[in-house]
Amino acid sequence: MYYNNKKLALSFLWIILGAVLMGLSVAEVLTSSYYSGMGGALLAVGILQVIRNLRYRNDKEYQEKIDVEYGDERNRYLRMMSWAWTGYLVVLIEAAGVVVALVMGQHTIQIILAYSVCLIVGIYWIVHMILKRKY
Amino acid sequence: MKNRIEEIRNERGIRQDELAKLMGVSRQTISSLENGRYNPSILLAHKIAKFFGMTIEDVFIFEDLQED
Numbered sequence: 215m216y217y218n219n220k221k222l223a224l225s226f227l228w229i230i231l232g233a234v235l236m237g238l239s240v241a242e243v244l245t246s247s248y249y250s251g252m253g254g255a256l257l258a259v260g261i262l263q264v265i266r267n268l269r270y271r272n273d274k275e276y277q278e279k280i281d282v283e284y285g286d287e288r289n290r291y292l293r294m295m296s297w298a299w300t301g302y303l304v305v306l307i308e309a310a311g312v313v314v315a316l317v318m319g320q321h322t323i324q325i326i327l328a329y330s331v332c333l334i335v336g337i338y339w340i341v342h343m344i345l346k347r348k349y
Numbered sequence: 011m012k013n014r015i016e017e018i019r020n021e022r023g024i025r026q027d028e029l030a031k032l033m034g035v036s037r038q039t040i041s042s043l044e045n046g047r048y049n050p051s052i053l054l055a056h057k058i059a060k061f062f063g064m065t066i067e068d069v070f071i072f073e074d075l076q077e078d
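The listed protein sequences derive, respectively, from chains A and B.
Numbering-wise, the first sequence is residues 215 to 349 according to our numbering.
Numbering-wise, the second sequence is residues 11 to 78 according to our numbering.
For reference, chain A alone in the conformation it holds in the complex (with noise of 0.2 Å):
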């Protein structure tokens, strides 16, 4: 059962927090439009998200259709390695930024860029050291 309860409250927080987002922007307590349209985004979201986990516990061929796309192992595994994919590229690409930024001369992009380096590294040792005990 892909969608039950708790993504359904999920949901209903994203409406909420979009909609305080987007109460304190019309309001201009946040005056940044970055808050209006992380608002309306978290809006869009939760409410598609809500017409989705609806429409799943009215319509068995939907139910059935969500189940077996998220449930496939086929595709748990495509997400799995597009996700590998992607970490190992960025890590790439940022360190290649790194280089680039070093010979233009913008330091403040190349510490940026090799912070993030390190990071997505020191993120990928915990998890991998979590999932070692684990399995």
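Note that these hints are calculated values from the structure, not bench results.
One or more of the hints may lead you astray.
As the list claims (entries may be wrong) - Below, simulated DSS-like cross-link-like pairs (lysine-lysine); rule was C-alpha separation at most 30 Å, straight line: (1) Lys348(A) with Lys221(A); (2) Lys274(A) with Lys31(B); (3) Lys279(A) with Lys60(B).
Once you've looked at the hints, dock chain B against the given chain A.
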């Protein structure tokens, strides 16, 4: 890893989508298995073999090859 899924499925007149539904996977998974592009988990291999009334070794042909 090679397998005889397509051969056995055709012998029994079962369509890919029917087998997929019975196994609780997508039709694309059955297609990828038959083409040898995807190796199943031991659970799915067991489920498929059990469905055909065979052993895993009867359906899946294990080869001592290094995977990429």
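Okay, the hints, checked on the actual structure:
With a C-alpha separation of about 26 Å, the suggested pairing of lysine 348(A) with lysine 221(A) holds against the 30 Å cut-off. Distance restraint check for lysine 274(A) and lysine 31(B): the Cα-Cα separation of roughly 14 Å lies within the 30 Å cut-off, and the hinted pair is therefore satisfied. Note on lysine 279(A) and lysine 60(B): the hinted pairing holds, with a Cα-Cα distance of about 24 Å set against a maximum of 30 Å.
Checked against the numbered hints above, the structure violates none of them.
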